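Asker: Turn these sequences into a full structure, and let the hints steer you where they fit.
Each residue of the sequence shown is one higher than the one before, starting from 24 at the first, in our numbering.
Quick caveat, the hints were computed from the structure, so don't treat them as lab data. Nothing here was measured: the structure is a model prediction, and the numbers come from that model. Among the hints, a few may not be true.
[As the list claims (entries may be wrong)] What follows is a list of derived Cβ distance ranges for each label pair:
#1 E472 to G330: 49 to 57 angstroms
#2 T453 to E263: 26 to 34 angstroms
#3 G482 to A46: 55 to 63 angstroms
#4 S40 to G275: 30 to 38 angstroms
#5 G275 to D442: 48 to 56 angstroms
#6 L67 to E525: 43 to 51 angstroms
#7 D442 to P295: 47 to 55 angstroms
#8 E383 to E321: 18 to 26 angstroms
#9 D296 to R41: 56 to 64 angstroms
#10 P295 to R410: 51 to 59 angstroms
#11 E263 to E383: 45 to 53 angstroms
Cβ atoms here follow ideal geometry from the backbone N, Cα and C, with glycine treated the same way.
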Amino acid sequence: MPAKLEGKVATAPPRPSRVQPVAVSELASTVDAHLTAPDRAHVLVSGVTLRAQHVRSGDLFAALPGARAHGADFAEQAVAQGAVAVLTDEAGAARVRDARRDVPVLVHPEPREVLGVLAARVYGNPSARLAVFGITGTSGKTTTSYLVEAVLKAAGRETGLIGTVETRIAGERLDSALTTPEAPDLHALLAVMEERGVTDVTMEVSSHALRLGRVGGVGFAVGAFTNLSQDHLDFHPDMEDYFRTKALLFDGRAATEVVCVDGEWGRRLVTPDTITVATAAGDATWTATDVRVSTTGEQAFTARGPGLEIPVDLRLPGAFNVANALLAIACLHARGIGADAIRRGLAQVRVPGRMQRVDEGQDFAAVVDYSHKPQAVALALDAVRARSTGRIITVLGCGGDRDTAKRPLMGQEAARRSDVLIVTDDNPRTEDPAAIRAAMLGGALELPEAERGEVLEIGDRGRAIRHAVSLARAGDVVVVAGKGHETGQEVAGVVHPFSDVETLSAAIGEARR
Numbered sequence: 024m025p026a027k028l029e030g031k032v033a034t035a036p037p038r039p040s041r042v043q044p045v046a047v048s049e050l051a052s053t054v055d056a057h058l059t060a061p062d063r064a065h066v067l068v069s070g071v072t073l074r075a076q077h078v079r080s081g082d083l084f085a086a087l088p089g090a091r092a093h094g095a096d097f098a099e100q101a102v103a104q105g106a107v108a109v110l111t112d113e114a115g116a117a118r119v120r121d122a123r124r125d126v127p128v129l130v131h132p133e134p135r136e137v138l139g140v141l142a143a144r145v146y147g148n149p150s151a152r153l154a155v156f157g158i159t160g161t162s163g164k165t166t167t168s169y170l171v172e173a174v175l176k177a178a179g180r181e182t183g184l185i186g187t188v189e190t191r192i193a194g195e196r197l198d199s200a201l202t203t204p205e206a207p208d209l210h211a212l213l214a215v216m217e218e219r220g221v222t223d224v225t226m227e228v229s230s231h232a233l234r235l236g237r238v239g240g241v242g243f244a245v246g247a248f249t250n251l252s253q254d255h256l257d258f259h260p261d262m263e264d265y266f267r268t269k270a271l272l273f274d275g276r277a278a279t280e281v282v283c284v285d286g287e288w289g290r291r292l293v294t295p296d297t298i299t300v301a302t303a304a305g306d307a308t309w310t311a312t313d314v315r316v317s318t319t320g321e322q323a324f325t326a327r328g329p330g331l332e333i334p335v336d337l338r339l340p341g342a343f344n345v346a347n348a349l350l351a352i353a354c355l356h357a358r359g360i361g362a363d364a365i366r367r368g369l370a371q372v373r374v375p376g377r378m379q380r381v382d383e384g385q386d387f388a389a390v391v392d393y394s395h396k397p398q399a400v401a402l403a404l405d406a407v408r409a410r411s412t413g414r415i416i417t418v419l420g421c422g423g424d425r426d427t428a429k430r431p432l433m434g435q436e437a438a439r440r441s442d443v444l445i446v447t448d449d450n451p452r453t454e455d456p457a458a459i460r461a462a463m464l465g466g467a468l469e470l471p472e473a474e475r476g477e478v479l480e481i482g483d484r485g486r487a488i489r490h491a492v493s494l495a496r497a498g499d500v501v502v503v504a505g506k507g508h509e510t511g512q513e514v515a516g517v518v519h520p521f522s523d524v525e526t527l528s529a530a531i532g533e534a535r536r
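Answerer: Right, here's the structure in full:
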């Protein structure tokens, strides 16, 4: 069951104001679906949705099979709200016929797989006229998206952004529910962006989106790969399946492919036409040299590519952000963006919840980061350690209803790199928070005492953050990790307002007073 957000009501995603309706018979032939009620083949479709509560008059309702229910069970509600046709499988078609015999049904053995193609057709195939940058990988998708968008703006482009933190349409911000929206919402969103003058769209592409067809029908100007490490093994049976799913972005749907080859997973994606990126000197198309790190964590390096050397100033700390920036540069250069815009754009970027400094005038550093995977935690804390002479005090939890195998690993990576680790709650969702913490503590305490810092357990996240601040001395660094930009905490199916940034800021203010 989806989480309920206290004080908020889920709103329908935006739709374009102008749509040229398409006959249901044409949609059926587009994906080779069987059309029932042939006498209704002339019915015109002007929108697509898979949520009955979001149906508008003239919509095609996608009734998809699910783990708990079949979407066909909501077909009658959808038709009552204005749906004029239904897309479903054989099992769903039988249920629809039982409820409504007067509605044309497009029957396809894999309706989810063709939903994106149908939505693209209904909304006029907007990705054919937009330059869409699709970025996939385990870590770095959000940061790389912001880097690309900042440079596009510096180059005078009108931009759209679709990702974990937010969606933006020509500067207008919308909250994001999914890293990558469902296919009908995505194509409608792209059509809205086109209407509002957007020329270039930067989009995070999750493995869920690739596996579940959310980006079906999207043509990518650029497909980019950051890295791969353990995550989502609640959804994927193993790392090989996780990789194969990520690799779907590089099956020909992207006109240009850009891959970071710092790791073996990336090297497996390389073809003769791939633009490659590596943070060390080598055979890659783009490399980073002369990396310099300031005491505040800001970095400078030289990006070296085909006949080019671009001096880069980057506000973001950590070697992994050099890789993210280099990947962004390669993507942008492939689309004809010049060195001056690249340099100016990258110098301005700050990413919400990604190594985000919280400064209330205190004599210690405070950082909020989204790292919620073992490798990401390790990299974030290594980046902090590299520029700190004081202690590192880390607050970290793990999400419920997600990959359970990474919990002890996250506890272990954090304990190894922290002087004090406070294990707390993240988003327990429907799980027992104490059981999640116990798994993390088990991993942390497996380390010999000489190889780890002090390990504490404080379940209440707000109290854990306040305690971390109370421990901090001049020169120390408090790192609050796992939730980053998020503004809610999901407990027992309810999302309660909670912000790591606001909570940490308030705790520091209270301590100073």
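Asker: Each hint: holds or not?
Answerer: Hint check results:
{"no.": "1", "hint": "E472 to G330: 49 to 57 angstroms", "result": "holds, 54 angstroms"}
{"no.": "2", "hint": "T453 to E263: 26 to 34 angstroms", "result": "holds, 29 angstroms"}
{"no.": "3", "hint": "G482 to A46: 55 to 63 angstroms", "result": "holds, 57 angstroms"}
{"no.": "4", "hint": "S40 to G275: 30 to 38 angstroms", "result": "holds, 33 angstroms"}
{"no.": "5", "hint": "G275 to D442: 48 to 56 angstroms", "result": "holds, 49 angstroms"}
{"no.": "6", "hint": "L67 to E525: 43 to 51 angstroms", "result": "holds, 48 angstroms"}
{"no.": "7", "hint": "D442 to P295: 47 to 55 angstroms", "result": "holds, 49 angstroms"}
{"no.": "8", "hint": "E383 to E321: 18 to 26 angstroms", "result": "holds, 20 angstroms"}
{"no.": "9", "hint": "D296 to R41: 56 to 64 angstroms", "result": "violated, 37 angstroms"}
{"no.": "10", "hint": "P295 to R410: 51 to 59 angstroms", "result": "violated, 40 angstroms"}
{"no.": "11", "hint": "E263 to E383: 45 to 53 angstroms", "result": "holds, 46 angstroms"}
In the structure shown, a violation is registered for the earlier hints numbered 9 and 10, in ascending order.
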